[in-house]
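Trainee: Now for the letters of each chain:
Number of protein chains: 2
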Amino acid sequence: MKQLTVDLGERSYPIYIGEGIISGLAATLANHKIGTKSPILVVTDENVAKFYLAQVKDSLEAGGYRVATAVVAPGEKSKSLAVLEDMITVALEAGLDRSSAVIAIGGGVVGDLAGFVAASYMRGIRFVQIPTTILAHDSSVGGKVAVNHRLAKNVIGAFHQPEFVLYDTATLKTLPEREIRAGLSELVKEGFIWDREFVEWFDANTDKLLALDSEALAHALYIGCGVKATVVSQDEREGGLRAILNLGHTIGHALEAVSGYDELLHGEAIAIGMVGAAMLSEKLGNPGSIAVETERILRKLGLPVRIPSHLDTDAIMSALMHDKKFKEGTMVFIIPTAIGEVEINSNVSSVWVREIVERLKGEA
Amino acid sequence: MKQLTVDLGERSYPIYIGEGIISGLAATLANHKIGTKSPILVVTDENVAKFYLAQVKDSLEAGGYRVATAVVAPGEKSKSLAVLEDMITVALEAGLDRSSAVIAIGGGVVGDLAGFVAASYMRGIRFVQIPTTILAHDSSVGGKVAVNHRLAKNVIGAFHQPEFVLYDTATLKTLPEREIRAGLSELVKEGFIWDREFVEWFDANTDKLLALDSEALAHALYIGCGVKATVVSQDEREGGLRAILNLGHTIGHALEAVSGYDELLHGEAIAIGMVGAAMLSEKLGNPGSIAVETERILRKLGLPVRIPSHLDTDAIMSALMHDKKFKEGTMVFIIPTAIGEVEINSNVSSVWVREIVERLKGEA
Ligand SMILES: NC(=O)c1ccc[n+]([C@@H]2O[C@H](COP(=O)([O-])OP(=O)(O)OC[C@H]3O[C@@H](n4cnc5c(N)ncnc54)[C@H](O)[C@@H]3O)[C@@H](O)[C@H]2O)c1
Ligand SMILES: NC(=O)c1ccc[n+]([C@@H]2O[C@H](COP(=O)([O-])OP(=O)(O)OC[C@H]3O[C@@H](n4cnc5c(N)ncnc54)[C@H](O)[C@@H]3O)[C@@H](O)[C@H]2O)c1
Ligand SMILES: [Zn+2]
Ligand SMILES: [Zn+2]
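In order, the protein sequences belong to chains A and B. Under full-length UniProt numbering, residues 1 to 364 are what the first sequence spells out, in order. Under full-length UniProt numbering, residues 1 to 364 are what the second sequence spells out, in order.
Hints in this document: simulated from the structure, not taken from any laboratory. In this text, all values refer to a predicted model and were calculated from it rather than measured experimentally. Hints are not guaranteed to be accurate.
It does not matter which identical chain is meant; a pair holds if it fits inside one copy or across any two.
[Unchecked claim] No more than 16 Å apart at the CA atoms, straight line, and that leaves these computed lysine to aspartate or glutamate pairs for EDC-like: (1) LYS283 with ASP86; (2) LYS77 with ASP213; (3) LYS153 with GLU93; (4) LYS173 with ASP207; (5) LYS208 with GLU163; (6) LYS283 with ASP97; (7) LYS37 with GLU363; (8) LYS361 with ASP262; (9) LYS77 with GLU46; (10) LYS153 with ASP97; (11) LYS50 with ASP314; (12) LYS153 with GLU10; (13) LYS361 with GLU295; (14) LYS50 with GLU263; (15) LYS153 with GLU177; (16) LYS2 with GLU85; (17) LYS300 with ASP207.
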């Protein structure tokens, strides 16, 4: 088992990564002083429940825990205040108190929702993240939790750090292939922003990763979580540095919004966005090789690198203008200045952005 | 103008108390670095809006602020996730961003609701409290914000401290008389738990307070907020000490629940509860004079000191058992050990509690 720490003073916590470690959950809870006196709430979604809920519940009960469970529908729609209210109902009916904990088992949807339940139930109880997607290496570390509003994603939430993150690579075996590729997109992003060596290793190990080789996966998640942890511990509440984690996300979010959140997976949208950011980098005077290299690596992972041609350029531009990172005429972008390095550039002309959007809609 | 500070390290903030000071709101915002660049959201209820909203909005706009307003229905029902969602809609449509602030103008309902909007909008933006009830001296200080769930009050919320509290005693002139008495109940409670001298002053100045004499009111709110601020700064997240603020609340909450939240005002319910706690004190061996004195002072304020006889004892006991402060057979109560002093006693037998509930249902 690998272990690393998210360093946040008295809110510091460990990330455990390994194959099969979910079987030790009850013991890990006890190590973290989550006792058996108060009931705990396990939140998951239908897909994940099918594979792992019975096993987790049994092992927790064998460890003496009283376990309430809440299984939500899979997908972004479950990140809503209505579902949050349902979770609070379950928590109240099960008698959760201030010493209870909420355990999220699932991808980012479950983690974000359950995290906000934990953050707001009785003004905050403890929380544990058990990510079961590759993408959730990102969402499970850093304490950002939220639900969506019909007008905007992730706009109702909190910063609420977990007690620990337990990443069992064995649970990834049941992921649909498209989710695997999309998760790897966010994972290689950690390399693009921070760690050239990791990008090179990724490039050399693409096949193993796509085949979910346990050792390769554990290594990649260890490095990816490490980058996230380092950035978060330097900027817990997103004052500045943490923005670099959003490489590819400005265009990515616009594409998700315009395509109605059901055509592109998040990891696919940001793959296109990362290529766009690299193309903007060239506009800003950096070497064109960055975009070429970025595109090659993402293609190798089987990810889309062009905007679906039926998406309207004006609609994309207008979605971009609504992005929080937009300020007066010029736009703020995370720009790669080399493979493994980025800068926050607040001087990107929206004329260039339109040009790149058009180019991304061209032939692949 | 009087001023005091809630001492919470980097989250410290001032409470301003004075007559007419609401007219200086724009300047006070500016002093607190809440600038005019991002829009602000003013939340209030229909009763308060009628008297003060136009004036506040005009003066803010004169100060260069872009102001969005949200006026909710008066009363506890507005503390719901549904109303929270509406507030977020207003905030999004008005373009509030991470540099924006939410300003609550009203009683505890508005403060608790608006505070949770501020706590959760984009994971937390700044917040200002402008209490307009006497009871809100309590709710506006300390950062506890929340909405209700159909099964329990204040169960979905956060700790989110305001940037400052601005208490304009002039706004209290429009309060209905019953609200005045109920507010004074919570205010004299600060004396009962912490400050014998304040209770004596209160006793000597009851008439002035009931007549809303500006100087007396400013003094009483200053002392009352001061007690609350002192307790909160020693126990921000309600680990222990903060519980003493709940003198009278164990029985009070049960009465509110059993009477359906529309018969007794919170301040009325806790007046009865404070008499009950004082009677329990006698059971525990403390002088009977505490109960006599407590009852005399509350009667003088025109507050109820007996349980309405139609409320069912079993129902009250069952509501008490569901209270968070209840543990296995004995109950936790805040018990006055003298006027101006309390202890947290976790050894109060539920048999005694039933006996006191019965006695409180007797002739007044
Ligand atoms: N909080 C943060 O910092 C942060 C960061 C990035 C993304 N997010 C959020 O994360 C969410 C996306 O996360 P995601 O990509 O993990 O999506 P997801 O949670 O929707 O999971 C993707 C799909 O895989 C299924 N699934 C999950 N684990 C499985 C398993 N082991 N076996 C089989 N199926 C499985 C799910 O049911 C779902 O259908 C978005 O809501 C996004 O906003 C949050
Ligand atoms: N957060 C905390 O620490 C805390 C502490 C105590 C109470 N509370 C909460 O506070 C709430 C009760 O607060 P409240 O007693 O202020 O109730 P409230 O906000 O409902 O106000 C009482 C009534 O007075 C009206 N009103 C308010 N100001 C007025 C004015 N200046 N002129 C005329 N009418 C006015 C309101 O419209 C309402 O009808 C409860 O929800 C309780 O849970 C919170
Ligand atoms: Zn992402
Ligand atoms: Zn109270």
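Trainee: Are the hints correct? Go through all of them and say.
Mentor: Each hint, compared with the structure:
When the C-alpha separation of LYS283 and ASP86 is checked against a cutoff of 16 Å, the pair qualifies neither within a copy, at 49 Å, nor between copies, at 42 Å. For a Cα distance limit of 16 Å, the shortest separation of LYS77 from ASP213 qualifies neither inside one copy, at 32 Å, nor across copies, at 54 Å. For a Cα distance limit of 16 Å, the shortest separation of LYS153 from GLU93 across copies, 14 Å, qualifies, whereas the shortest one inside one copy, 29 Å, does not. Taking the shortest alpha-carbon separations for LYS173 and ASP207, only the intra-copy value of 15 Å comes in at or below 16 Å, while the best inter-copy value is 74 Å.
Taking the shortest alpha-carbon separations for LYS208 and GLU163, neither the intra-copy value of 31 Å nor the inter-copy value of 52 Å comes in at or below 16 Å. Within a single copy, LYS283 and ASP97 get their C-alpha atoms no closer than 55 Å, and across copies no closer than 29 Å, so neither meets the 16 Å cut-off. In this homomeric assembly, LYS37 and GLU363 never come within 16 Å of each other (Cα to Cα): the closest approach is 61 Å inside a single copy and 42 Å across copies. For the identical chains of this complex, LYS361 and ASP262 are neighbours neither inside a copy (19 Å) nor across copies (61 Å), given an alpha-carbon limit of 16 Å.
In this homomeric assembly, LYS77 and GLU46 come within 16 Å of each other (Cα to Cα) only inside a single copy, at 13 Å, whereas the closest approach across copies is 33 Å. For the identical chains of this complex, LYS153 and ASP97 are inter-copy neighbours only, at 14 Å across copies versus 29 Å inside a copy, given an alpha-carbon limit of 16 Å. Proximity of LYS50 and ASP314 under a CA criterion of 16 Å is satisfied in neither setting, with 42 Å inside one chain copy and 44 Å between copies. Taking the shortest Cα distances, LYS153 and GLU10 never come within 16 Å of each other, neither inside one copy (30 Å) nor across copies (30 Å).
Only within a single protomer do LYS361 and GLU295 lie at most 16 Å apart by alpha-carbon distance; the minimum there is 14 Å, versus 78 Å between protomers. For a Cα distance limit of 16 Å, the shortest separation of LYS50 from GLU263 qualifies neither inside one copy, at 25 Å, nor across copies, at 48 Å. When the C-alpha separation of LYS153 and GLU177 is checked against a cutoff of 16 Å, the pair qualifies neither within a copy, at 25 Å, nor between copies, at 45 Å. For a Cα distance limit of 16 Å, the shortest separation of LYS2 from GLU85 qualifies neither inside one copy, at 36 Å, nor across copies, at 41 Å.
Taking identical chains as interchangeable, the C-alpha atoms of LYS300 and ASP207 lie at most 16 Å apart only when both belong to the same chain, with a minimum of 9 Å there against 82 Å between chains.
In the structure shown, a violation is registered for the earlier hints numbered 1, 2, 5, 6, 7, 8, 11, 12, 14, 15 and 16, in ascending order.
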